Amino acid sequence: MLIRRAPRFTSNDITDAKLYLSRREWMVGAAALTLLPGESAAVTPPGQPLTATRNDAQSLREPPTKFEAATTYNNFYEFGVNKDDPARLAPALKPRPWTVQVDGLVHKPKTYDIDELFRLFPVEERVYALRCVEGWSMVIPWIGFPLASLLKRVEPTAQAKYVEFVTLLDPKQFPGQRPGFFGFALDWPYTEGLRLDEALHPLTLLTVGMYGQVLPNQNGAPIRVVVPWKYGFKSAKSIVRIRLTSAEPPTAWNKAAPQEYGFYSNVNPAVDHPRWSQATERRIGEFRRRPTLPFNGYADQVAHLYTGMDLRKDY
Amino acid sequence: MSRRARIALKAAIWGGCLVPLGTLVYWYARDDLTANPISFVTTTLGDWTLRILLASLAMTPIRLVLGVSWPITLRRLLGLFAFFYVCLHFSVWIVLDFFFDWHRMWEDIVKRPYITMGMLGLLSLIPLAATSTAGMIKRLGARRWRRLHRLVYLAGVAGCVHFLWLAKVGRTDQYWYVATLVLLLSIRLGDVALRAVRRRRERRTATVATAEIRMP
Chain A
1 MLIRRAPRFT SNDITDAKLY LSRREWMVGA AALTLLPGES AAVTPPGQPL TATRNDAQSL
61 REPPTKFEAA TTYNNFYEFG VNKDDPARLA PALKPRPWTV QVDGLVHKPK TYDIDELFRL
121 FPVEERVYAL RCVEGWSMVI PWIGFPLASL LKRVEPTAQA KYVEFVTLLD PKQFPGQRPG
181 FFGFALDWPY TEGLRLDEAL HPLTLLTVGM YGQVLPNQNG APIRVVVPWK YGFKSAKSIV
241 RIRLTSAEPP TAWNKAAPQE YGFYSNVNPA VDHPRWSQAT ERRIGEFRRR PTLPFNGYAD
301 QVAHLYTGMD LRKDY
Chain B
1 MSRRARIALK AAIWGGCLVP LGTLVYWYAR DDLTANPISF VTTTLGDWTL RILLASLAMT
61 PIRLVLGVSW PITLRRLLGL FAFFYVCLHF SVWIVLDFFF DWHRMWEDIV KRPYITMGML
121 GLLSLIPLAA TSTAGMIKRL GARRWRRLHR LVYLAGVAGC VHFLWLAKVG RTDQYWYVAT
181 LVLLLSIRLG DVALRAVRRR RERRTATVAT AEIRMP
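Listed in order, the protein sequences are those of chains A and B.
Note that my numbering has the first sequence beginning at 1, numbered continuously upward.
Note that my numbering has the second sequence beginning at 1, numbered continuously upward.
By construction, these hints were calculated from the structure, which means they are not laboratory data.
Remember, predicted model here, so these are calculated numbers, not experimental data.
A couple of the hints might just be wrong.
To be verified - Cβ-Cβ distance ranges computed for the label pairs, FRET-style:
no.: 1; chain 1: B; residue 1: Gly-190; chain 2: A; residue 2: Gly-180; range: 28 to 34 Å
no.: 2; chain 1: B; residue 1: Tyr-153; chain 2: A; residue 2: Lys-255; range: 35 to 41 Å
no.: 3; chain 1: A; residue 1: Asn-82; chain 2: B; residue 2: Lys-10; range: 30 to 36 Å
Claimed, not checked - Partial pick of chain B residues on the chain A-facing surface, computed with a CB cut under 8 Å:
no.: 4; residue: Cys-17
no.: 5; residue: Ala-35
no.: 6; residue: Thr-116
no.: 7; residue: Leu-166
no.: 8; residue: Val-169
no.: 9; residue: Gly-170
no.: 10; residue: Arg-171
As the list claims (entries may be wrong) - Result set (PhoX-like, lysine-lysine): computed pairs, CA atoms no more than 25 Å apart in a straight line:
no.: 11; chain 1: A; residue 1: Lys-255; chain 2: A; residue 2: Lys-83
no.: 12; chain 1: A; residue 1: Lys-161; chain 2: A; residue 2: Lys-255
no.: 13; chain 1: B; residue 1: Lys-138; chain 2: A; residue 2: Lys-83
no.: 14; chain 1: A; residue 1: Lys-161; chain 2: A; residue 2: Lys-313
no.: 15; chain 1: A; residue 1: Lys-313; chain 2: B; residue 2: Lys-10
no.: 16; chain 1: A; residue 1: Lys-66; chain 2: A; residue 2: Lys-172
no.: 17; chain 1: B; residue 1: Lys-111; chain 2: A; residue 2: Lys-313
no.: 18; chain 1: A; residue 1: Lys-83; chain 2: A; residue 2: Lys-66
no.: 19; chain 1: A; residue 1: Lys-161; chain 2: A; residue 2: Lys-110
no.: 20; chain 1: A; residue 1: Lys-94; chain 2: A; residue 2: Lys-110
no.: 21; chain 1: A; residue 1: Lys-255; chain 2: B; residue 2: Lys-168
no.: 22; chain 1: B; residue 1: Lys-10; chain 2: B; residue 2: Lys-138
A virtual CB, placed ideally from N, CA and C, is assigned to each residue, including glycine.
Using the sequences and the hints given, assemble the complete structure.
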């Protein structure tokens with residue numbers, strides 16, 4: 001769909017990866033000078049560069065959130081429930097070798113090696129808004145390819161109505177998957193799901209990178225989905241399996257608290273979380289709250305998927 | 001405990017209670033308040049309010065269990081610091097989080113049970129802080145003052161429930177606070193029950209004694 005307003009920023013506005021590198025060197029230097037070992041540990045080491053042309057039509061016209069914020073303030077319960085756990089514990093995750101099993105109601109089920117996916121599907125950059133169900137948001141320049149391209153390749157059968165995503169289950173790499181004193185945080189492995197038409201929507205991105213580099217571990221390496229009009233938890237990370245089904249797949253947060261996290265979980269300022277308002281959000285890096293937009297600002301592209309549905313009931 | 005030791009202990013508690021605030025200021029200066037500073041500061045101030053409030057609630061149980069009297073002298077200090085932190089917590093919510101959007105805040109207070117609970121806890125601490133001076137004890141009379149200050153239990157319960165209700169599924173820190181509160185309250189209630197039993201027994205012995213005197 002055409003976007004009427006012209007882009008207000010260019011890829012020049014995204015801080016060059018080299019700058020992060022030099023920043024880290026500076027930090028290491030400073031740490032050495034002040035004899036404070038470990039000071040540099042908080043800074044995310046820059047990953048392998050991954051170049052991609054930006055898809056301007058599908059990109060937000062806002063400057064992206066600082067890379068530092070996007071890689072140190074994460075909800076990724078596989079590592080732990082605190083925002084800094086993912087960045088701290090991410091080195092334990094091994095994103096290679098990695099395979100993604102695509103099966104279920106498809107004509108051509110196949111297990112893809114992650115590198116094969118890189119070869120098969122050309123990637124592009126898309127600057128999307130990310131709205132967390134907790135009431136904060138970011139702007140992230142993702143790199144990936146439409147999930148639709150992969151789904152078309154495996155040819156869903158006529159019975160396929162839903163797509164299920166399964167995150168890696170491995171308590172050795174994901175300490176958050178081990179039981180704590182009060183039991184498990186969530187019912188592992190993390191599973192998420194979309195209706196097939198949502199999964200085939202051109203905005204739905206299988207994501208392998210961000211900020212001009214391969215996806216950092218704490219952001220869901222090596223491959224995750226990004227569904228920008230839904231709350232962040234719908235976008236499953238570190239995916240090992242994509243399964244097409246005829247019935248609505250059970251999803252992790254819905255199982256944990258069904259009255260709070262629905263299967264759809266579209267960003268909706270009019271439907272509150274039972275315990276807090278969703279009318280406003282804090283964009284990371286900004287001081288004042290800003291109003292939350294229906295479908296996170298993607299209403300003109302996705303609202304038609306839900307015509308005739310009561311979004312208060314199907315929250 | 002000697003006078004000097006008591007003063008040293010109080011000074012240490014004073015200093016200790018200021019460490020969380022000092023740390024926040026230090027992190028602010030270093031621009032190290034996470035990517036979401038307002039949320040982080042609110043949470044940290046809330047955490048310390050509850051910790052210090054529970055510490056003040058622990059003083060009587062410690063006295064009961066260890067049989068020492070010095071914890072009682074720390075109750076007021078800890079209680080006032082809990083009030084200090086809850087005021088900061090509340091101010092951050094008003095000023096930094098909602099920036100005086102009274103309409104939205106009022107909506108939240110009425111609509112969100114966890115915020116209602118938090119407000120209840122804050123409100124119940126106000127009369128306690130206001131009557132914390134020795135002069136006020138005298139003016140109210142020890143008995144009435146003591147009765148009023150039982151509100152601190154309401155504040156403790158409200159604070160823990162506030163945390164319990166706002167915490168996301170999968171988090172577990174809130175249970176530790178609730179468990180601590182339950183432990184402290186049961187020591188307190190156990191003591192009340194024990195004293196009631198003892199009083200009844202004493203009364204009975206007294207009656208028996210009187211009866212024996214009348215016997216001959």
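(message) Given the hinted pair A:Lys-255 and A:Lys-83, is their Cα-Cα distance within 25 Å?
(response) holds (22 Å)
(message) Holds or violated: the 28 to 34 Å window for the beta-carbon distance between B:Gly-190 and A:Gly-180?
(response) Taking Cβ atoms as reference, B:Gly-190 and A:Gly-180 lie about 30 Å apart, which means the hint holds.
(message) With the threshold set at 25 Å, check whether the alpha-carbon distance from B:Lys-10 to B:Lys-138 stays at or below it.
(response) holds (23 Å)
(message) Interface hint check: B:Thr-116, Cβ to nearest Cβ on chain A, cutoff 8 Å. Holds or violated?
(response) It is violated, given that the least Cβ distance between B:Thr-116 and chain A is near 11 Å, above 8 Å.
(message) Given a cut of 8 Å on the nearest C-beta pair, is the interface hint for B:Arg-171 held or broken against chain A?
(response) holds (5 Å)
(message) Check whether the Cα positions of B:Lys-138 and A:Lys-83 lie no farther apart than 25 Å.
(response) violated (49 Å)
(message) Under 8 Å is the threshold here; is the Cβ of B:Val-169 close enough to any Cβ of chain A for the hint to stand?
(response) Holds, because the Cβ-Cβ distance from B:Val-169 to chain A comes to roughly 5 Å (cut-off 8 Å).
(message) Is the interface hint satisfied for B:Gly-170? The criterion is a beta-carbon contact with chain A at less than 8 Å.
(response) holds (4 Å)
(request) Would you check the hint for A:Lys-83 and A:Lys-66, treating anything up to 25 Å between C-alpha atoms as holding? (result) Holds. A:Lys-83 to A:Lys-66 sits at ~16 Å (cutoff 25 Å).
(message) Does B:Leu-166 hold up as a contact with chain A if the rule is Cβ-Cβ below 8 Å?
(response) Cβ of B:Leu-166 sits 7 Å from chain A, so the hint holds.
(request) Below or equal to 25 Å on CA atoms is what counts here, so check A:Lys-255 against B:Lys-168. (result) holds (14 Å)
(message) Given the hinted pair A:Lys-313 and B:Lys-10, is their Cα-Cα distance within 25 Å?
(response) violated (56 Å)
Violated hints for the displayed structure, listed by number in ascending order: 4, 6, 13, 15 and 16.
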